[in-house]
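Protein chains in written order, with our numbering: chain R, 164 to 265; chain L, 164 to 265; chain H, 164 to 265; chain X, 164 to 265.
These are computed hints drawn from the structure, not numbers from a lab. A hint or two may mislead.
Taking lysine-lysine and the PhoX-like style, the derived pairs with C-alpha atoms no more than 25 Å apart in a straight line are [to be verified]:
1. L:K253 <-> L:K264
2. X:K184 <-> H:K165
3. L:K265 <-> H:K184
4. X:K179 <-> X:K169
5. R:K264 <-> L:K169
6. H:K184 <-> X:K165
7. L:K179 <-> X:K210
8. L:K253 <-> L:K165
There are 4 protein chains.
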Amino acid sequence: MKEYQKQVDEWISQLKIGYFKPLEMMARITEEVGELAREVNHRYGPKKKKETEDSREIEEEVADVIFALICLSNSLNLDIDRGFKSAMNKCYERDKDRYDKK
Amino acid sequence: MKEYQKQVDEWISQLKIGYFKPLEMMARITEEVGELAREVNHRYGPKKKKETEDSREIEEEVADVIFALICLSNSLNLDIDRGFKSAMNKCYERDKDRYDKK
Amino acid sequence: MKEYQKQVDEWISQLKIGYFKPLEMMARITEEVGELAREVNHRYGPKKKKETEDSREIEEEVADVIFALICLSNSLNLDIDRGFKSAMNKCYERDKDRYDKK
Amino acid sequence: MKEYQKQVDEWISQLKIGYFKPLEMMARITEEVGELAREVNHRYGPKKKKETEDSREIEEEVADVIFALICLSNSLNLDIDRGFKSAMNKCYERDKDRYDKK
Chain R
164 MKEYQKQVDE WISQLKIGYF KPLEMMARIT EEVGELAREV NHRYGPKKKK ETEDSREIEE
224 EVADVIFALI CLSNSLNLDI DRGFKSAMNK CYERDKDRYD KK
Chain L
164 MKEYQKQVDE WISQLKIGYF KPLEMMARIT EEVGELAREV NHRYGPKKKK ETEDSREIEE
224 EVADVIFALI CLSNSLNLDI DRGFKSAMNK CYERDKDRYD KK
Chain H
164 MKEYQKQVDE WISQLKIGYF KPLEMMARIT EEVGELAREV NHRYGPKKKK ETEDSREIEE
224 EVADVIFALI CLSNSLNLDI DRGFKSAMNK CYERDKDRYD KK
Chain X
164 MKEYQKQVDE WISQLKIGYF KPLEMMARIT EEVGELAREV NHRYGPKKKK ETEDSREIEE
224 EVADVIFALI CLSNSLNLDI DRGFKSAMNK CYERDKDRYD KK
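The whole structure should be built from the sequences, with the hints applied where relevant.
Quick look at the structure:
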């Protein structure tokens, strides 16, 4: 993710507005997650579209959420790689007996 | 992200329960975003904690959201790198005059 | 709320599609909350609009979220008035010493 | 809803902390929606609980989201009844041919 964090920082750094404040960024994340929910519902919800149609749209919404998460993380100097490693460790340690193995 | 998508897939592949259905995964993402919102509010909201205290907790919640997004993406065969590249392109093309430059 | 639950039921009852399934409805709620977040950010976020402009838009987004919550509740036979009474009781019992009084 | 808005105002008015700022309140709403998503997923998601078990828990989470929406609305002087009336009108006007009738 370090590479992605850098790319986003290069984009934001050239803008006058800069990073949003944490709660502003949180609202933006919520907005992007709402758009993702809409696409998922369009595709797998009550009025199902055809299978082939639009997982690309879901892919773009997922990326938009990640973009927003990176903005928040950059503005707070978070290291997402470190966080992710810790999340994977939780899986293998804490949750190792939480789900049945195959 | 390809590496992360692979790591998550290795973890999920060994579990009997496997990937959730898209709408189940969407609810899980919403839950994780809610936990992130709680941490951001704890830290930058009405009862501010001390600066030094807990950006690590926010870092972990960000990673948990990304973990959940990867689960959704893997189950739908999405390529997050491709989506992210497309998101960055949108920034540089569509939005290039949307914000004032420095 | 009973009156509102009835009004929504009258609207939905005449539609062929009927109530969504719970997880579909949950995704819809997430979508509506995202729209609310967008309006709140427009109004109180980084590019503040003038004070007078649009609390009406926020009002409508709040109502849309409540509409979606009522759809979920009706489909599950929930009694929102009972839930709300219980929430207010929690305030006065459980949380009574959680916040400083004036 | 006017009655509910009044009850919440009576509760908040006696607290020193008072109403949160809009973006703080928005983060709180996101948190509560996350808790609702968790309950809906517990009940209707991958590891289904028994039917009889816990729609009460969902009922309480719905009420908590509405409570948070009322806090936001009160702090911004919104009239939820007016917003809801407008939402119902949208159903009967704008959307009247959007869904098939029975």
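Consistency of the hints with the structure:
no.: 1; hint: L:K253 <-> L:K264; in the structure: 16 Å, holds
no.: 2; hint: X:K184 <-> H:K165; in the structure: 30 Å, violated
no.: 3; hint: L:K265 <-> H:K184; in the structure: 49 Å, violated
no.: 4; hint: X:K179 <-> X:K169; in the structure: 18 Å, holds
no.: 5; hint: R:K264 <-> L:K169; in the structure: 18 Å, holds
no.: 6; hint: H:K184 <-> X:K165; in the structure: 30 Å, violated
no.: 7; hint: L:K179 <-> X:K210; in the structure: 12 Å, holds
no.: 8; hint: L:K253 <-> L:K165; in the structure: 21 Å, holds
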